[in-house]
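What follows is each chain in one-letter form.
2 protein chains.
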Amino acid sequence: MEKSIQILRFLGIDMINAANSGHPGIVLGAAPAVYELYRNHLMADPKNPDWFNRDRFFLAAGHGSALLYATLHLAGYDIALEDLKQFRQLDSLTPGHPEYGHTAGVDSTTGPLGQGVAMAVGNALAESYLSAKFNHKDFKIIDHYTYALCGDGDLQEGVTMEAMSIAGRLRLNKLIVMFDSNDIQLDGPTDNATNDNIEQKVRSMNWNYHLVKKPNDVNALNKAIEKAKNSDKPTFIEVKSIIGYGSKDQGKSETHGSPIGVEETSAMRERMGFEYKPFEIPDEAYLEFKNTFGKRGADAYAEWMKMLAKYKDSYFEDYRKLINIIEKNIEIDFDSIIPQVDLGTKEATRNTIGKLINALSPELPEMIGGSADLTASTKVKGIDGNFDFDNRIGRNINFGVREHAMAAIINGMTLHNLKAFSGGFFVFADYMKPAIRLSALMSIPSTFIFTHDSVAVGEDGPTHEPVEQLAMLRTTPNLTTIRPANANETRHAFRFAMSALTKPTVIVLTRQNTTVTHKVNYETFRQGAYIAKDLENCEGILIATGSEVELALSVQEKLKKEHNVYVRVVSMPSVELFLAQPKEIQERIIPSSCTKRLAIEMGASLTWYRFANHVFGIDRFGKSGKSNEVIASFGFTAENIAEYFLNM
Amino acid sequence: MEKSIQILRFLGIDMINAANSGHPGIVLGAAPAVYELYRNHLMADPKNPDWFNRDRFFLAAGHGSALLYATLHLAGYDIALEDLKQFRQLDSLTPGHPEYGHTAGVDSTTGPLGQGVAMAVGNALAESYLSAKFNHKDFKIIDHYTYALCGDGDLQEGVTMEAMSIAGRLRLNKLIVMFDSNDIQLDGPTDNATNDNIEQKVRSMNWNYHLVKKPNDVNALNKAIEKAKNSDKPTFIEVKSIIGYGSKDQGKSETHGSPIGVEETSAMRERMGFEYKPFEIPDEAYLEFKNTFGKRGADAYAEWMKMLAKYKDSYFEDYRKLINIIEKNIEIDFDSIIPQVDLGTKEATRNTIGKLINALSPELPEMIGGSADLTASTKVKGIDGNFDFDNRIGRNINFGVREHAMAAIINGMTLHNLKAFSGGFFVFADYMKPAIRLSALMSIPSTFIFTHDSVAVGEDGPTHEPVEQLAMLRTTPNLTTIRPANANETRHAFRFAMSALTKPTVIVLTRQNTTVTHKVNYETFRQGAYIAKDLENCEGILIATGSEVELALSVQEKLKKEHNVYVRVVSMPSVELFLAQPKEIQERIIPSSCTKRLAIEMGASLTWYRFANHVFGIDRFGKSGKSNEVIASFGFTAENIAEYFLNM
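Protein chains in written order, with the working numbering: chain A, 1 to 648; chain B, 1001 to 1648.
Simulated from the structure, these hints should not be mistaken for laboratory data.
Wrong hints could be hidden among the right ones.
As the list claims (entries may be wrong) - A short, non-exhaustive set of chain B residues, derived as facing chain A with CB atoms under 10 angstroms:
id, residue
1, P1098
2, R1203
3, S1314
4, N1386
5, R1402
6, A1500
7, L1606
8, Y1609
9, K1623
For each residue, glycine too, the CB sits at the ideal point set by N, CA and C.
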């Protein structure tokens, strides 16, 4: 046992030495904890790394990637020794921080501190929901634990505190978080930055707390995990450790992020009586993992497959739904369940989304979500009551005023194949940005719904009026931002989000009414932009999104009637989708020959010069006042914009 | 006393009724707490609302604005009854949420939950630092309390937890936070979202905790505040209250954000035996505030002015420095203290900033700051040791891994006239965005320094490599984002930030070396863009920022030497500053006649079409690998870009 831990340690620092980059401190310190977890607890099958009912492990302290990769290699995942030698090299299987979807056995991308614990909460929540939804007597078809390993930094992050508070409130008892407690962080002793009483803090949030006092005491950790498995609360295990254990600088922050170096590593081998050369791994180490982790997981997987076959016979309808979730099939007829919205419908698109969620949720058990204490305003509310310890099938999650954790929890649930969605005021997308980014980086289809999308918010004023948030999201890679013009576009946007597989979707909605002035089919909508209304002899183009499409149509009308000027109106619900179109489609909608173009949007103008030489936007903060007065004060009236166009 | 509280309540709901918009719940519930604070504790002079040594009050629950305005009116601030009647109307003195700099007596903009408490922490930190720095025996020239009132929502926000943990660690004993504890939030009972043991949680972070059990018990609150004033820790006072007190829906979430209505308000007047008509205020109410709050503050202000005169005589040098801080004078000769950097200097701009901070700090006692557990990497570290309970003049703040609170605390310190600066990896600007936005909205000159500014980060990979962050910040109104090309531009950027008065500055720096390939003076730099190197017969323009300027110069050279193509290179350290220039300056640097323009930046391309028809950017996430290999893999080599330009 001790030997295997040493092998993990040296493999990790050999990798870091080879790369001349990485974080040896946690590798040396936390190797026993990770070893214990994989050897004796984690239930997963390296041959079937995507097994739906596996235990998940979130390495919240993502800078411990070398330790994770070394463990996954020994544990039989599809990571060769050669991959370990390529640690942190371009296009290797072993990048600097763990990347979900890139390396087998990596359950999430981590590195930005705080995200890992919060995603683990989401994952445990998903497990709790799915097990309540699909298990039957004698069929614990969903039944697994969610583990996380975090460091001091994670616990200092607010998002972790938000998420732990939720997890305690919801009694997510199958969530087990280990805290690699080494009293050191990058800038020195942890005490420099915090002297929280962690036990007291954790208990105040309704978690169990266990302390593994002696560094490297895997037996004590084992006992703590066993207790945790049989609890009615989430469990937090503080595992004391020594950062950079065994190196000459052990216990010092110097070991956090600088390679030990070949020479000192060699001296360490001497001192610690470790007989193997760099990257040398004795067969017995593989064997140990094979006989413990490997066998346990393979057996469990085989058992589960048998159970699934019986489950199919006994509960076919549930089986079918569950398989759809596992295989990420969305096999429903959107057109019949959420039909297109009639021409002339006048509705705030936040109300539309509420209806869509209600209509679609009964068909898709994977739909679950909620708002950050704003359901009354956002209308983003899951069905079947509040998810709670006494209603595990409730699909509305009361996130409280915890936007950041909400977004990370949505990601954690999405990692468990749920179609999870959040709701909030658009201006507070800022609070969620780190988690939204991570969903995009992981290529998972989280859905983030926002309402109150512009200065039209009115009375609440500039603190509550988004201006630059659209630009922030449209420039985030691998994310689809949609700002629908009306109820019908909102319908398409939601269909798009619920069908998405490899990208998160942001949907940005109004508080105020908009009208379905024209129709567009889903296929055209998916191109990101389309001609809302054309006129013959067109001598200009108005490009608009969201509530400004209706305004643009008024401008068009006014220019025609009062000035004999004929322009095209393009609705562009998604800049990203449009930019992904072939040139000829882009050219058809916005012909390069037509250079007189005006983009109209109640938000920052800077990104719009991609499409137009003139932009009617808002490049200052909003104002408090009656909605229509605020809008008018920024010049967003048909008259004013028509005038502007004529003077362009 | 009871009558004055009723007057505050009814004034508040009359305002909300008049606006038909606002949040009566907190007005009715928290009126006693705010009343008690202003009547018996808060030391401020309504005739001198900017008095430097006043107590500050952060209404973290900014939606209680009506209560604050009503109180400020009664307390004698420059808010007329007519202003109250204009609550939430366009351009009124009484916008939907309190706005700093807009309304006398408002100590900060609040509304986005969590920010208020964190800014209060920063303010208390500033007081602690300034008092240690400037007080002398018999001269407590800086000596005041910082108060905040927060709600359930604030406490659910992670940023509040981060900030409270820091405040407890640093023993900011003159910080007093009242918690309006009404057990209700927008989506229903608070218990739906949280069942934290608040006392235990607060104590775990080394705060005092007091409970005012009975709603409206101002005497108990008075005692708790008195205790708090004489403590060696920050104090948290949970004040039980009843949301919407007195209305028919009291105790229900319905009262949170919907006006009570004229009819029900009239019924309330009956039920509560409140004799005054809407907006009617008896003279005795004014008189009570005048004789308590008003007199106390006026006397204290007069005393302080006397003390200041003596202080001037006794400690002229300190007096001079303090007055500079109070009057926001930066009267130093930047050129001699931080001279321009020599041509040819090769340096990572993160190293430059470290030197600049060290050179400038001794001259400017208002400079204070630190990093989020990354000083070793960012080099952003204040001088004179760590600020701590036993070193209150330390100017380095160990923020821990708490980026969000860091930014909010910077704002709180800046509100106290300090030149406060933060340090962090650029990708984690995401974590700080809500607070950065708020600094811009408040028009205060916070300085946010970021390093590791692109995919050049290398091995740490995409989780640590910013792509879209420049776009996010450049589109944020009233913010100046600067990405300097080299050590000399960094010097200018820092001078700019330290001289700024009405806008926050973001400085974005490299991890890798860059060279001072050319010089520019400060005045030209401040225009946001300038010609780095021109060639005759110019037939195109390369626009670049940061480390890409050097690259652009190589491209220029290559085009000339190998292809006889002559282009101009424009360095554009700040898009915002350039866009603020008169058209003729813009035209001189980027002439509209020269249409062949390429923008080069290792970040999202979308915003660059404002200046160029072609953009060589990065619109996907980064990669883990050796820095130069990662950069090359994105095509950022002189050869490749020259080729690209030729094919444009």
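Taking the hints in turn, this is what the structure says about them:
no.	hint	result
1	P1098	holds (9 angstroms)
2	R1203	holds (7 angstroms)
3	S1314	violated (36 angstroms)
4	N1386	holds (6 angstroms)
5	R1402	holds (5 angstroms)
6	A1500	violated (17 angstroms)
7	L1606	holds (5 angstroms)
8	Y1609	holds (4 angstroms)
9	K1623	holds (6 angstroms)
In the structure shown, a violation is registered for the earlier hints numbered 3 and 6, in ascending order.
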